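Participant: Sequence:
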Amino acid sequence: MDKKRNILIRELMELIDQASSIQSEIDSTFTAAYLALQRVNIEMGIHQVEAIAASIPVENSITIKTRSIMGTEIPLVQYDNSHENERPAYAFYNTKESLDIAVHHFNRVKELTIRLSTIEISAYRLAASIKKTQKRANALKNITIPRYQELVKSISNALEEKEREEFTRLKVIKQQISQ
19 MDKKRNILIR
29 ELMELIDQAS
39 SIQSEIDSTF
49 TAAYLALQRV
59 NIEMGIHQVE
69 AIAASIPVEN
79 SITIKTRSIM
89 GTEIPLVQYD
99 NSHENERPAY
109 AFYNTKESLD
119 IAVHHFNRVK
129 ELTIRLSTIE
139 ISAYRLAASI
149 KKTQKRANAL
159 KNITIPRYQE
169 LVKSISNALE
179 EKEREEFTRL
189 KVIKQQISQ
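Under my numbering, residues 19 to 197 are what the sequence shown spells out, in order.
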């Protein structure tokens, strides 16, 4: 139980470190993305940007698989971003370079958010598993092991008592035979 708990804690600490670095990267990328969006809205107008946004197809290149760490199912979210290097879903006619920059920033935000969500869900599940393992270890230490120790003690006492009775009985039989 301790070995399992230690492995889970080590994995959790790695995930926490990854999450904090990705979180700071997301913050800066979000800031850049919203500044770029603000610039696009000023240059092209909010209505035109909304119309372009509505024409972008729904994202369907995300797949979720799982892996197991000491019996705890951890999600593996895979994102195929190979289509991002293709032509954009909007025409170049009547658009500005600032739109391309904003799209690039928001695609980066999407990638980072996917990675962060995977890490946070994994950390949550590992923490729950650590808590469960700790409860089991405590139950073993405080309930099950003492119960079995008491049982072993009572069995040992009973066997010793039987042995003493048998010894006494044999002694009495020897005395009767010798008389």
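By construction, these hints were calculated from the structure, which means they are not laboratory data.
Among the hints, a few may not be true.
Stated by the list, open to error - Per label pair, the in silico range of CB-to-CB distance:
(1) Leu-94 with Gln-152: 17 to 27 angstroms
(2) Lys-171 with Ile-139: 40 to 50 angstroms
(3) Thr-131 with Ile-60: 21 to 31 angstroms
(4) Asp-20 with Asp-118: 51 to 61 angstroms
To be verified - Heads up, simulated SDA-like pairs for lysine to any residue below, C-alpha to C-alpha not over 25 angstroms straight-line:
(5) Lys-128 with Ala-72
(6) Lys-83 with Ala-72
(7) Lys-21 with Glu-77
(8) Lys-128 with Thr-47
(9) Lys-114 with Glu-77
(10) Lys-128 with Pro-93
(11) Lys-192 with Lys-171
Owing to the predicted nature of the structure, the values given are computational and were not obtained by experimental measurement.
We treat Cβ as the ideally placed atom computed from N, Cα and C, and that holds for glycine.
Participant: Starting from the hint 21 to 31 angstroms, judge whether the C-beta atoms of Thr-131 and Ile-60 obey it.
Facilitator: holds, 25 angstroms
Participant: Confirm or reject the claim that Leu-94 and Gln-152 have a C-beta distance inside 17 to 27 angstroms.
Facilitator: With Cβ atoms ~26 angstroms apart, the hint holds.
Participant: For the pair we were handed, Lys-128 and Ala-72, check the Cα-Cα distance against 25 angstroms.
Facilitator: holds, 17 angstroms
Participant: Is 40 to 50 angstroms a correct range for the gap between the Cβ atoms of Lys-171 and Ile-139?
Facilitator: Distance hint for Lys-171, Ile-139 holds at roughly 47 angstroms.
Participant: Does the alpha-carbon distance linking Lys-192 and Lys-171 stay inside the 25 angstroms limit?
Facilitator: violated, 31 angstroms
Participant: So if I understand the rule, the pair passes when the alpha-carbon distance is 25 angstroms or less; does Lys-114 with Glu-77 pass?
Facilitator: holds, 23 angstroms
Participant: Within 25 angstroms, alpha carbon to alpha carbon, are Lys-128 and Pro-93?
Facilitator: Holds, at roughly 17 angstroms.
Participant: Against the 25 angstroms threshold, does the CA-CA distance of Lys-83 and Ala-72 hold or violate the hint?
Facilitator: violated, 30 angstroms
Participant: For a C-alpha distance cap of 25 angstroms, please report whether Lys-128 and Thr-47 respect it.
Facilitator: Within the cut-off at roughly 10 angstroms; holds.
Participant: Is the hinted pair Lys-21 and Glu-77 satisfied, with a Cα-Cα distance of at most 25 angstroms?
Facilitator: The given pair, whose Cα atoms are some 41 angstroms apart, is violated under the 25 angstroms limit.
Participant: Looking only at beta-carbon atoms, does the pair Asp-20, Asp-118 fall within the given range of 51 to 61 angstroms?
Facilitator: holds, 54 angstroms
Hints 6, 7, 11 from the earlier list are contradicted by this structure; the remaining hints agree with it.
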